[in-house]
Amino acid sequence: MSQPAVRAVELSRWFGAFRAVDRVSFEVGTGEVFGFLGSNGAGKTTTIRMLCGLLAPSSGSGEVLGFDVATQPHEIKRRIGYMSQRFSLYADLTVDENLAFWGGAYGLGGARLRERVAWAIEVGALASRRGTVVRELPVGFRQRLALGCALLHEPPIVFLDEPTGGVDPEARRRFWDLIDTLAAAGTTVFVTTHYMDEAERCGRVALMHAGKLLALDTVPRLKARFESGTVVEIACPRPAAAMRHLEGLPAVHEVALFGDLLHAILAAPGAASGLVAALEAAGHAPATVTAIDPSLEDVFIHVISRPSTGREQA
Amino acid sequence: MIRRTLAVAVKELLQLRRDWRVVFTLVLMPVALVLIYGYALSFDVEHIRLVIVDQDGSRAAREVARAFLSSGHFDHIGTTRDVRELDRWLDTGHAQVALVVPSGYGADLAAHRFTTLQLVLDGSDSQTANTVLAYAQQIVASVTPLVRVSGTGPALAAPLVWYNPDLASARFLVPGLVAFILMITAVIATALAVVREKERGTLESLRATPLMALELLIGKTLPYLVIASAAAAASLTLAWALFDVPIRGSLGWLAVVTVLYLLGGLGWGVLISTLAETQQVAFQVSLLSSMLPTMLLSGFIFPISSMPEALQWISHIVPARYFLVALRAIVLKGAGPEMWWQQVVGLVVYATVVGSLATARTVRSL
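Taken in sequence, the protein lines are chains A and B.
Going by the working numbering, the first sequence opens with residue 1, and the numbers climb by one from there.
Going by the working numbering, the second sequence opens with residue 315, and the numbers climb by one from there.
Calculated from the structure, these hints are not laboratory results.
One or more of the hints may lead you astray.
[What the hints assert, rightly or not] The following label-pair restraints were derived from C-beta to C-beta distances:
1) L589(B) <-> A185(A): 40 to 46 Å
2) S305(A) <-> L589(B): 43 to 49 Å
3) A210(A) <-> I628(B): 51 to 57 Å
4) L589(B) <-> H74(A): 21 to 27 Å
5) G248(A) <-> L520(B): 53 to 59 Å
6) R112(A) <-> L625(B): 53 to 59 Å
7) V662(B) <-> V133(A): 40 to 46 Å
[Stated by the list, open to error] Which chain B residues stay away from chain A? Per the calculated CB distances, all over 12 Å, these:
8) A346
9) D368
10) T394
11) T445
12) L610
13) W655
14) T666
[To be verified] Here are a few chain A residues that sit away from chain B, every Cβ distance over 12 Å (derived from the structure):
15) G41
16) R173
17) D293
Don't be surprised by glycine CBs; every beta carbon is placed ideally from N, CA and C.
Put together the whole structure using the sequences plus the hints.
Listed below in structure tokens is the structure:
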């Protein structure tokens, strides 16, 4: 890759004594779909706000499309699309009125604006709702409209901050199809999420926790951190009690509750067979242990539970 | 850029069109206030109970009494010849005013000699007493030419009230009312318009666009400038149609002064919006900070010259003070800019200071 679309070097932001973002460094290549995965309060939104020139970094530096986030925020704002966590739409305006306004805010007008509005209507499948007031629009439609608004001026990079919050799975799938289309056309997509299945669709994923960037890689390589056979799924009658028991065993590195099931990371692939006996001996019968392919969530839990492994650079 | 500013202005208008409560307030409040103030809050005094003490009994004495009674302001309570009866009339409150025509009044006038009429007033209601005194002077001034035979002096000091000869309070109040309405609409509407974007989270998205602070401010305030100006025009038209408040001066100058005044108000609204986080706080702060000073410290109702010195000083930062003087001069006197340019300076200074503060705050908080 030539010049990276985004570069962050030791980027930090603190509010008083609270370190919202703590020395985060990474690069995003042009045309990449780059995912920022983390729970609420991990520092994802603060990072995005710094990169979009909305918030000055406390220390460190950031560049977007070669422009410095601290000194050239206006240059950045002209070239990026931004869709925020909260709806970046006017609920009391119609679909068409929102598009016209956001296009105008980016300085579009005349034929170019009409052409881009038509594009946004088409890719967002909004043709039947052009005159509908946004307040009355289903959430999935709103999300596609908000994305369309952020892309009217054809930015080479778009920042999406939790774009699919509160949307049903079908609408989320459609939204991500749209993101794939954009990426295929060469747009860099920087997206934050706390949905694992969404992160799986990103080219590379950065895992963020408590202001720190804990891991950054492609999804397959993040999963390949575990030796085959070391991640197991355990079914037993009282998973919470069984979890406390398993935590005491030397063969088990980590255990986490996954709904009614337990996921465990074992010290060695062969340890699974001894686990059933150990559980049933402790009164957790009947127990079954199955080796599984690790999910991104396993990786995430693994990474955040061992802060000692430290930050990793891209 | 003009395109971005216009986009904001059009958006604001579209939102206004759907928010009927705001339109209702912006359009109907001025109309309602003009009607209420025009009809109800009147300093005009009617049905003053008048007793006539005619010690002279001449034709001239009857003529001046008739002039009082036909003026429409007075109710005739009684006539007497004895001044001593006055105590009873006034003490009991049966009469508020007594016109005393001294003996020799008719003879003096006939002989072209100076003479006096006496007016005895119940001063416990000083407002009414002052008004009555003014009415009486007008009436006598209108009567004496009839009584006077030729070339001699008047019977009583005969002042001429200019600009508002029948001292109708509507003429005095309506310009103040216009100032009042404009300030309130301008401040509240803009403060709410900006804080609403904060509350709904759309401000964050606006910040991520290349929209500059000034473009946003101008775009957002432009529609309210237009609406408030229309409200001002409607108020003046209504006052002219219902209460005979004339517009003697130039409409062009009226527009210039009004826009200057509005700019200050809009700036104040924006300044409040950068400090308030919720629409509720913004509404209360803008209502209090625009309504009270405009009502109490501008000369709208209470003359500035009769305020304590400290308040007179404070009144210098109330823009309505400057606007009112200029507005009354233009509307009632038809005076040109040479008569009120100092007020324009006051308005320009206010708008510049508040506008700069608002822009600086917006740039920082945006």
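Comparing the hints with the structure gives:
A hinted range of 40 to 46 Å holds for the C-beta pair L589(B) and A185(A), which are about 44 Å apart. Taken as a hint, the range 43 to 49 Å holds for the pair S305(A) and L589(B), whose Cβ atoms sit roughly 44 Å apart. The given range of 51 to 57 Å is respected by A210(A) and I628(B), whose C-beta atoms sit roughly 52 Å from each other. Here the CB-CB span from L589(B) to H74(A) is close to 25 Å, well matched to the stated 21 to 27 Å.
For the pair G248(A) and L520(B), the supplied restraint of 53 to 59 Å holds, since their beta-carbon distance comes to about 55 Å. For the pair R112(A) and L625(B), the supplied restraint of 53 to 59 Å holds, since their beta-carbon distance comes to about 58 Å. Checked against the given bound of 40 to 46 Å, the beta carbons of V662(B) and V133(A), roughly 42 Å apart, stay inside it. Distance check for A346(B) against chain A: the nearest CB is about 26 Å away, which clears 12 Å, and the non-interface claim stands.
Distance check on D368(B): its Cβ is at least 73 Å (rounded) from any Cβ of chain A, clearing the 12 Å threshold; non-interface status holds. Its beta-carbon lying about 72 Å from the closest one in chain A, T394(B) satisfies the requirement of being farther than 12 Å from that chain. Listed as a non-interface residue, T445(B) keeps its Cβ farther than 12 Å from every Cβ of chain A; the least gap is roughly 51 Å. Consistency note on L610(B): stated as away from chain A, and its beta-carbon is indeed over 12 Å from all of that chain's, at 37 Å minimum.
Every CB of chain A lies more than 12 Å from the CB of W655(B), the least distance being 39 Å, so the non-interface label holds. No Cβ of chain A comes within 12 Å of the Cβ of T666(B); the nearest lies about 25 Å off, and the non-interface call holds. Residue placement check: G41(A) keeps its beta carbon more than 12 Å from all beta carbons of chain B (closest about 18 Å). Taking the minimum C-beta to C-beta distance to chain B, about 25 Å, the non-interface status of R173(A) holds against the 12 Å cut.
Residue placement check: D293(A) keeps its beta carbon more than 12 Å from all beta carbons of chain B (closest about 39 Å).
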